[in-house]
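J.: Listed below are the residues making up each chain.
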Amino acid sequence: MSLDDAFDEPAFVPYLAAGDPDFESSIEYVEALARGGADVIELGLPFSEPIAEGPTIQRAVVRALDGGMTPERFFEFVEALDVDVPLVCMTYYNLLYQYGDEPVRPFVERAAEVGISGFVVPDLPAEEADLLREACDEFGLDLIFIVAPTTAGERLERIMDRVSGYVYVQARLGVTGARTSLSDHTAETLARLEDYDVPKAVGFGISTGEHAAGVVEAGADGVIVGSALVDIVADGHDNDDPTADVAARLEVLARELKAGALEGSQRRSRPERT
Amino acid sequence: MSTDTKFGNYGGQYVPEALMPAIDELTDAYRRYVLENEDGFMDEFRDRIRDFGGRPTPLQRAEQLSARYGVDVYLKREDLLHGGAHKLNNALGQVLLAKYMGKERIIAETGAGQHGTATAMAAAHLDMPCEIYMGRRDINRQRPNVFRMRINGAEVTPVDVGRGTLKEAISETMRDWATTVETTHYVIGSIVGPAPFPAMVRDFHSVISEEIRAQSLDRLGGLPGSVVACAGGGSNTMGAFAELLDNEGVTLYAVEAGGSSLTVDEEAGVAPHSASLSTGEEGVLHGARTKLLQDSHGQIMESHSVSSGLDYSGVGPELSHLVDTGRVKPVTVGDDDALEAFHRLSQDEGIIPALETAHAFGFLEAVAGPDGDGSVEFDEPIVVNVSGRGDKDLEAAIEETEKRNLENAPRMEVFDR
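Keeping their order, the protein sequence lines are chains A and B. Taking the UniProt record's numbering, I'd label the letters of the first sequence as residues 1 to 274. Taking the UniProt record's numbering, I'd label the letters of the second sequence as residues 1 to 417.
Isolated chain A (complex conformation):
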């Protein structure tokens, strides 16, 4: 499924680590997000050294790896999912590099086969991404790049030249993780991207509907939410809660975040009261 129509209205883009804490529960969790209104789902393929992730997702990665997740299992996971939204694979470069008998291309080919729409690779800057861009073009997949608050000038041009699908706007410096307040960096970074004709999805730190509304109001086309959702999975795992209960909680938060995104766009179109 293509990412083309995913941002027709303000999009809710949730992230979960595939296979966290185990294959079967994780399938149900991802499907719950789709029911809750996800427009795109970012699926993490766990890597042992997730240098861009905060503690919440680091622990999710460990749970998923302990649960037996591998690249091949990940592809089986995607095939087993019954969802009607585009799926983006979020992983680290070494896994794309090692799969199959040559770097990158066999991985992308297999991803296309199971229906993946695109990639986010946090440790692959635009400068090193030619091989992946080429393979993505060959198999018709999108390559999403992250733009950070520190990204400007020539580097911004270079990234926007190579990006497709959407651009992942990092709301603040640092690593992934839920926060209670939003960073001022978001509006500045969005302003810098205004003239580029590609959807802008903001991630890092968004955990509530109100956050989501604020980000969309500031000009985002979508919100990416990871750690706040992974927290629900972690709590469920720690307390031995039934899978259905955890899935229900994920669906509730998903609805809140999607509603927040829609509310944000209404606020944007409403003139401010004086």
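No wet-lab data here; the hints were simulated from the structure. Since this is a predicted model, take the numbers as computed values, not measurements. Careful: at least some of the hints might be erroneous.
To be verified - In the SDA-like style, the derived pairs of lysine to any residue whose C-alpha atoms are separated by at most 20 Å in a straight line are:
#1 Lys-6/B <-> Leu-131/A
#2 Lys-6/B <-> Pro-103/A
#3 Lys-6/B <-> Asp-324/B
#4 Lys-99/B <-> Glu-38/B
#5 Lys-99/B <-> Gly-40/B
#6 Lys-200/A <-> Ala-187/A
#7 Lys-99/B <-> Ala-124/B
#8 Lys-329/B <-> Leu-245/B
#9 Lys-329/B <-> Val-376/B
#10 Lys-6/B <-> Ala-187/A
#11 Lys-6/B <-> Glu-127/A
#12 Lys-6/B <-> Glu-128/A
#13 Lys-329/B <-> Pro-381/B
#14 Lys-200/A <-> Met-160/A
#15 Lys-6/B <-> Ser-206/B
Let chain A serve as the given structure and place chain B on it in line with the hints.
T.: Using the frame of chain A, we list chain B on its own:
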């Protein structure tokens, strides 16, 4: 920025986007200050590494070892550098560079603690606040160095994720850097990481081979036939080799930690060794494409060595390239042989080496000792880089010695309480 970031197929800059502007800024600073000596940076570095650091370090003949092996063995005494290891060359260089760049804070990771100690010392010397990340497991096995860092005013932050060793500490330091990049410089502790770190760290350490060259020409009437250095990440290795790479007559041996075995338990995700040059596969870790210990899926494996300073799943990209081209010969020495060498050097030469360094001497014994396999005909004279002194390793060395039946080790238990 279009500076060449590669060594053959290796190297590059595989880091999160938030760090890329800092890497560009660092690349620019490296070119101007280190390569072009802008504002007299390298002059100040050389003054400080002489007066604060104690350079040049001696090139000393090892009389007992020379007699034992029937070859001329010389020791490059980096253990006599301030702080007790070669690590100060790089730490002082980078902290000084951070100062020239106008950064306000220093962070670093450490495995054995030598790099953390050197960075803490350099930061204190240059009046910069400093935070060191260290795996919990390494904190437990390297307590003296933890105290030294604290006494020099550095914060030491334990890293609990994973197995709590250097690999996890590097990941955690990168996360800190991604958060604080505008004011903070990350002093990487070896010739690893994204460009320009591998080249820059090599340049700060190449003072070692510069001195080996000058001292050999002066004292021995020619260049060494062989240079032997232990390799974890590879910083003392490249330091000892850099200025001799163009002299094909000098054979260069990188001695890796063979741990308890070179076979691998892929199911457990653990390599019982740290020999990434000898056994690793190409991949991408911590910002660079290099040789790595990884499973068939590309997940990074935990490494093992009796020496926490060699206990790392990757290695510098330049060394990977030099091994592929045949210029550097990788060899391995196991835990047991390294411990025997630790005691031999201590007893025969009166030098207690770091356990890292002991691996280099283990290689001499394994080849040329009374039970040696004679697999290598050494070109003489041999210079062994004594990368660091073993004071920090005493507890570990005693504990590990007691687990084994080493003929040449003193019996320590007679002094127990």
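J.: For every hint, state whether the structure bears it out.
T.: Now the hints, each set against the structure:
{"no.": "1", "hint": "Lys-6/B <-> Leu-131/A", "verdict": "holds (16 Å)"}
{"no.": "2", "hint": "Lys-6/B <-> Pro-103/A", "verdict": "holds (17 Å)"}
{"no.": "3", "hint": "Lys-6/B <-> Asp-324/B", "verdict": "holds (14 Å)"}
{"no.": "4", "hint": "Lys-99/B <-> Glu-38/B", "verdict": "holds (14 Å)"}
{"no.": "5", "hint": "Lys-99/B <-> Gly-40/B", "verdict": "holds (13 Å)"}
{"no.": "6", "hint": "Lys-200/A <-> Ala-187/A", "verdict": "holds (12 Å)"}
{"no.": "7", "hint": "Lys-99/B <-> Ala-124/B", "verdict": "holds (12 Å)"}
{"no.": "8", "hint": "Lys-329/B <-> Leu-245/B", "verdict": "holds (12 Å)"}
{"no.": "9", "hint": "Lys-329/B <-> Val-376/B", "verdict": "holds (11 Å)"}
{"no.": "10", "hint": "Lys-6/B <-> Ala-187/A", "verdict": "violated (36 Å)"}
{"no.": "11", "hint": "Lys-6/B <-> Glu-127/A", "verdict": "holds (12 Å)"}
{"no.": "12", "hint": "Lys-6/B <-> Glu-128/A", "verdict": "holds (11 Å)"}
{"no.": "13", "hint": "Lys-329/B <-> Pro-381/B", "verdict": "holds (17 Å)"}
{"no.": "14", "hint": "Lys-200/A <-> Met-160/A", "verdict": "holds (11 Å)"}
{"no.": "15", "hint": "Lys-6/B <-> Ser-206/B", "verdict": "holds (19 Å)"}
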